[in-house]
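K.L.:
Listed below, chain by chain, are the residues.
2 protein chains.
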Amino acid sequence: MNYKNFKRKIYLEDKPRAQAREEILAAFRLTPEKEEISTITSLGRVTAEPIFARVSMPHYHASAMDGIAVIAENTYTAHEQNPLRLKRGEEFCYVDTGNAIPSPFNAVIMIEHVDCPDEETIEIIEPATPWQHIRPIGEDVVQEEMLFPQGHIIRPADLGVLLAGQQTVIPVAKKPVVTIIPTGNELVEANAELAPGQIIEFNGSVFAGFIKDWGGEPNLLPIVKDEPEKIKEVLLEAAETSDIIVINAGSSAGSKDYTVHIIGEIGEVFTHGVAARPGKPVILGKINGKIVVGVPGYPVSAYLALEWFVRPLICKYLQIPEPKRQTVTVKLGRRIVSSMGAEDFVRMNIGYVNGQFVANPLTRAAGVTMSYVRADGLLIVPANIIGYEQGELAEVELLRPLEEIKQAIVFCGSHDLTIDLLSSRLKQVRTDMKIVSSHVGSMAGIMAIRKGEAHVAGIHLLDPSTKEYNISYINKLLAGQDVVLFPFLKRKQGWILPKGNPLGIESAADLARVNANYVNRQKGAGTRILFDLLLEEGCLTPEDITGYDREMFSHLAVAAEVNGDAHGAGLGIYPAAKAMDLDFVPVADEEYDLLMTRGFYESESGKLLMAIIQSAQFKEQVEKIGGYQVVENAEPKCLGVEV
Amino acid sequence: MNYKNFKRKIYLEDKPRAQAREEILAAFRLTPEKEEISTITSLGRVTAEPIFARVSMPHYHASAMDGIAVIAENTYTAHEQNPLRLKRGEEFCYVDTGNAIPSPFNAVIMIEHVDCPDEETIEIIEPATPWQHIRPIGEDVVQEEMLFPQGHIIRPADLGVLLAGQQTVIPVAKKPVVTIIPTGNELVEANAELAPGQIIEFNGSVFAGFIKDWGGEPNLLPIVKDEPEKIKEVLLEAAETSDIIVINAGSSAGSKDYTVHIIGEIGEVFTHGVAARPGKPVILGKINGKIVVGVPGYPVSAYLALEWFVRPLICKYLQIPEPKRQTVTVKLGRRIVSSMGAEDFVRMNIGYVNGQFVANPLTRAAGVTMSYVRADGLLIVPANIIGYEQGELAEVELLRPLEEIKQAIVFCGSHDLTIDLLSSRLKQVRTDMKIVSSHVGSMAGIMAIRKGEAHVAGIHLLDPSTKEYNISYINKLLAGQDVVLFPFLKRKQGWILPKGNPLGIESAADLARVNANYVNRQKGAGTRILFDLLLEEGCLTPEDITGYDREMFSHLAVAAEVNGDAHGAGLGIYPAAKAMDLDFVPVADEEYDLLMTRGFYESESGKLLMAIIQSAQFKEQVEKIGGYQVVENAEPKCLGVEV
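Chains as they are written, first to last, in my numbering: chain E, 1 to 643; chain L, 1001 to 1643.
Simulated from the structure, these hints should not be mistaken for laboratory data.
Certain hints may be false.
Derived DSS-like pairs: lysine-lysine, alpha-carbon spacing no greater than 27 Å straight-line [said to hold, decoys possible]:
id, chain 1, residue 1, chain 2, residue 2
1, L, Lys1331, E, Lys406
2, E, Lys212, E, Lys174
3, L, Lys1034, E, Lys324
4, E, Lys212, L, Lys1034
A short list of chain E residues far from chain L (calculated; beta carbon distances all over 10 Å) [as the list claims (entries may be wrong)]:
id, residue
5, Asp213
6, Glu265
7, Lys286
8, Lys324
9, Arg335
10, Glu389
11, Glu395
12, Glu561
Using N, Cα and C, we set each Cβ at its ideal position, and we do this for glycine too.
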């Protein structure tokens, strides 16, 4: 068979995800195996069959109190005016909680209600009723009672009931073995020296983590090269030794995407492509009776496809329901566009601002792993909907506990490296709080405050006419809103240049003169506005600058681009240049301030944040980075409304 | 020191729980230790410090599509009417997704938009813009960017980001070692032969499970006898080797409760008793700088005290917030009485009936482990509230996923052993469904249907005047409500007697004659009503029967009581007698029917349940037990309203 023939064949289906799922579940016909394990090691395991109590609990009539055991019928004459005296031995005995009630006693009187003239005699002033303060046999568990059905996940307290019932060994479902096969000539192990075009194999470890979390037994194989014969061999062997096979990647239609053809040749392909994004190019099939799932290479696509198709198989094997994520209703901060005919899984940031959950989409690029790691939730846009308008309410599946989202301070606006430091410090002081930041630029930061989507915005906007930072913009854009501007940092902006500044760049005019590859910032970023001002001052236009349209979203991203390119140049803050060991030519000392609503400023969270910013410890940490000066005795300004 | 002196000293405090918690957290001054571990083994561990990216991701300009790489500036003339032909090598090269873009190319055109006259030539009809379909360096992660702060719990997807950033080893917080010391002369290991008064030591294993779940490293010691010197020695040794010590029990004020005195002698006691139930008799102290928590012996008290005081210490050590449980608002099915001045933690069953969450308290006895295992949630009654009225709304902390509660069929009424079988069968067919049953008796079952607190009630109520089962009761109690009565079982009721029937009991008159220890059922139970009828028929009164007031809540519980007592006798169903190998003298063939609202009967869940009941497989399983006959071709009756 000549795999070359397939290399440009593009034939992905758009099968509805639910249909693909039903088909694969129906095809998964394994009889779950069970194993007997020691109960004390069974935490998190799943019962394979109903478990019944072997003994009752308590297995004897037990005292429920510290006190004395008596024969109730003999106490009926006891009265305040006529105390009854009983002798130890035949007439009463001492019992502690949990002690067996010796025959013929049939009631317990609490020690607090007993008067003890001496150790051998007691006096009571109230009769006891039969069986009072006695835990009858089986009060907790009766012998032969069903303790747990099959498919029950053992929790800590369950161990107690099992052990108390003398179930020291229990039958649990064997964990299904899921073999993970990473394929690709571009893949290298995580500790390898990286050449361009090489990618670290990490999907396999992530898959193994998910599979473990879901109750399976992952078996991660070493990287397999893109050689059809080798892949075939490994697949056939996996079909012998595993319950489920996951192969990554080669599931799409690129020049080395053999997987679907191989599975078709040695087995059966049910599905190639589902109507869901990202994660569309998935393969579902069967080899020698074992289900094989071909998962796309882009991490986010891969994680979703794994959840859609591998998790249900594991749950079916274990006889447990698929866990559902908690959901929350959010207000959408931006319009969300989705394609008709396919489900869209949109990673979302969620903030809790002014008593409302507000959510914004993260990048939809399937290759951006951090977008999944940073996401608070998933918005699933159904196939028959083309999206949502800004301001609409939508239901989002949570990827983090709601409490964590509620306690987070939403930081928006311009990117600065000290914000990570501030977040880390805040988390040290209050482990249940953190800062969630998105780098959208100063202007977008102001708009986020205006729309009630963020608690704090970092801004550094120079007004060319007044040469003053931030205030004129706020007065214009937030007129009538009650906001506070908190002076935070003075920081150095300058040219970020390759080590040694080989092109000798000192000004915008130099950029144009030497035709440097400039790396710009996105529209609305303070640094972009500064650059435009520098162009204007130098009587230059965007057309004079190569790379003016190449936009990055952070100082570090600009520095990273300059880092690889001897002709590169960017504008940004000193610590970004320093972090990548690049040259830095100062251009301006700018004011980076924090804008917030007065409501937040005066809240407990706001006060805590300001206190941390002004602490000597934080100041010292920031200034150690270099290029920064924390504003001493900062005087917050109330803006927006007349005060 | 003579510990005997303390044996009857009762001096538990009622310190507010929050205060006790603050004090112990303030006293816990350990500096968390960290350890470097391999990233692939770090799932669920907690970062000990912020983690920064070592390399950018991608670390080169990567193609985002399968296609060709070109120099954008050279494609500007391409047009539908003027296709541009490019030669492989200098003018274009093939790239797959993820490939590095070779210099001097700066744009990618998707393979779908390319025409290939031959392998070495392509034609395009649209110009490319610079950097299109190229993932810039650092699109995902930029070198030096903070990936995670300290105190972050590693999830599967996080592994990907760490490995991609070549962080193959990461610093995580060491797990705090929590030594668990079980004490008590009454304790024996789970596999021991049990004598009356002996209790299986299981709390330690449950504690170990909780501690593991919370991120600690449990160290469970063997059982220590109630010998003060021995306990002292073990405590002092634990203070050397652990971060936190848990001792169970001896924390109360019984005759062997030495613990508080020992801790006071070799260390310091902060708290003895908190204003919370169950769990009040807790000890908080310190020995040689290590926090020691003395936990009460009753399982439910112990689990709560552990959560109140040990979990916060572990979280503080790991620098993570304490997880909070999801809550749900429920309607209370019964009145809840609580003591003023102390918080009450009430275990609750929650059902989702008619679109509403309805909750009822389980037993409040601290010794009933199953009540914690069976609980769906915890109702926390604050110290300044004396309880809630029936029908009031209250917030309940969930012990199970809400979805599981929503999917459960709430079964109420009379106890029958086949209900467990039915639940198990249902779960086999639909892993996400189950039956939650509470044994409250037939009358209470009817009332639960009336109040909308249950989906199904099992009832067997004989009308003495008509000798007919169930219908007259429903017509009286559910007039005007649209309900369905589904004929389920014919079953044998009879005398449950010690093996060989030594007292020769055949009738109620015999019970009175031989003065047997009768074990009765609770008021409203169908079996109780049957017994009262038998008394009436025999011209007897409750006073003639010893044990008439001793009430059990299930057939098995009655059988368990009879089992230990040669003079015992009870009334119940055949399988209960059979399960405990007791004698059975039949008294009546009764009709055990299922009562439900018509809404449930016609719902998807209702239809599924009826289908299972009428399946040959279920019928066979039930009849194998003995004493049962499943009603063939059951004809449900619509009652309550005129149809």
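K.L.:
Looking at the structure, which of the earlier hints fail to hold?
P.N.:
3, 5, 8 and 12
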